[in-house]
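2 protein chains.
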Amino acid sequence: MKSIQVRTKIWLEVDGEPLIGAGRERLLLAIENGGSLNAAAAELGISYRKAWSQLRQMELHAPFALVERSKGGKGGGSTHLTLEARELLTRYAKLKTELRSLADEKFCMEDPR
Amino acid sequence: MKSIQVRTKIWLEVDGEPLIGAGRERLLLAIENGGSLNAAAAELGISYRKAWSQLRQMELHAPFALVERSKGGKGGGSTHLTLEARELLTRYAKLKTELRSLADEKFCMEDPR
DNA sequence: TTATCGTTATGCAAAATTCGCATAACGATA
DNA sequence: TATCGTTATGCGAATTTTGCATAACGATAA
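So the sequence lines, in the order shown, correspond to chains R and F. Sequence positions in the first sequence follow this note's numbering and run 1 to 113. Sequence positions in the second sequence follow this note's numbering and run 114 to 226.
Bear in mind the hints are in silico, worked out from the structure with no lab data behind them. Be careful, since some hints might not be right.
[Claimed, not checked] Listed below are the simulated DSSO-like cross-link pairs for lysine-lysine, each with C-alpha atoms no more than 27 angstroms apart in a straight line:
(1) 2/R <-> 209/F
(2) 96/R <-> 122/F
(3) 209/F <-> 9/R
(4) 122/F <-> 2/R
(5) 207/F <-> 94/R
[Claimed, not checked] Here's a subset of chain R near chain F, in silico, CB distances under 10 angstroms, partners left out:
(6) 2
(7) 4
(8) 5
(9) 10
(10) 11
(11) 12
(12) 13
(13) 14
(14) 15
(15) 16
(16) 18
(17) 19
(18) 21
(19) 95
(20) 98
(21) 99
Just so it is clear, CB atoms sit at the ideal spot from N, CA and C, and this is done for glycine as well.
The task is simple: from the sequences and hints, build the whole structure.
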């Protein structure tokens with residue numbers, strides 16, 4: 001049985017460049033969770049290179065710092081979210097769930113009436 | 114001044130494959146308008162190859178026929194939308210505008226409170 | 001002072017995807 | 001049966017994505 005499914009996406013842009021979407025949200029959450037970009041990449045099952053590139057692009061256009069990094073030291077280094085990044089995550093999550101609930105509730109492909 | 118902008122997308126899928134989104138909606142509308150895939154591609158400023166590929170992919174997964182084609186003949190050939198395709202367009206347009214108005218009205222990045 | 005260690009940072013080539021040029025196929029009409 | 005503008009599609013070029021390999025880093029421990 002072929003069923004038609006409604007899909008939605010919501011993301012934030014700065015100057016037309018992606019700031020945060022579903023994928024980048026996952027990345028930031030994984031960074032917060034793992035305490036490093038490396039751990040985040042591993043958790044998500046993507047290459048470090050890819051995670052780094054995504055984060056780099058986000059930071060390139062974000063109007064505020066997203067992470068604080070450190071190199072070397074005991075654990076070799078670390079990356080942590082800034083307060084603003086955590087706030088951004090909170091806002092984005094709210095946006096996303098609102099959109100989803102709206103879509104689920106209102107949009108039905110059966111009987112358009 | 115860097116302003117954060119909320120963007121949304123809505124589309125329909127069949128078996129996880131895109132059936133119709135903003136771009137394919139434009140394509141179908143242009144086909145309806147021009148009476149041929151060739152004219153549609155020209156109107157949209159995309160190559161015929163690209164338009165054809167998109168339409169092909171849509172038809173590959175759509176649970177009903179989207180267009181009726183003819184080759185040769187007076188005008189060389191033509192492509193017209195089926196009734197189902199026009200209904201799909203109507204439904205999708207409604208979905209899209211509803212989503213947009215909801216997004217505009219509800220989602221505001223200032224003061225999340 | 002110096003070696004260590006796991007991280008961040010990045011060049012670069014490979015892989016995958018997208019794009020579009022070029023050309024064949026088509027068939028109702030004249 | 002020749003014509004004409006369309007549909008159909010192979011294939012190489014251009015672009016984007018991916019990830020391997022390796023350098024850089026610097027607080028800590030010895």
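Structure-based check of each hint:
no.	hint	verdict
1	2/R <-> 209/F	22 angstroms, holds
2	96/R <-> 122/F	12 angstroms, holds
3	209/F <-> 9/R	12 angstroms, holds
4	122/F <-> 2/R	22 angstroms, holds
5	207/F <-> 94/R	24 angstroms, holds
6	2	4 angstroms, holds
7	4	5 angstroms, holds
8	5	5 angstroms, holds
9	10	5 angstroms, holds
10	11	5 angstroms, holds
11	12	5 angstroms, holds
12	13	5 angstroms, holds
13	14	5 angstroms, holds
14	15	6 angstroms, holds
15	16	8 angstroms, holds
16	18	9 angstroms, holds
17	19	7 angstroms, holds
18	21	9 angstroms, holds
19	95	6 angstroms, holds
20	98	6 angstroms, holds
21	99	7 angstroms, holds
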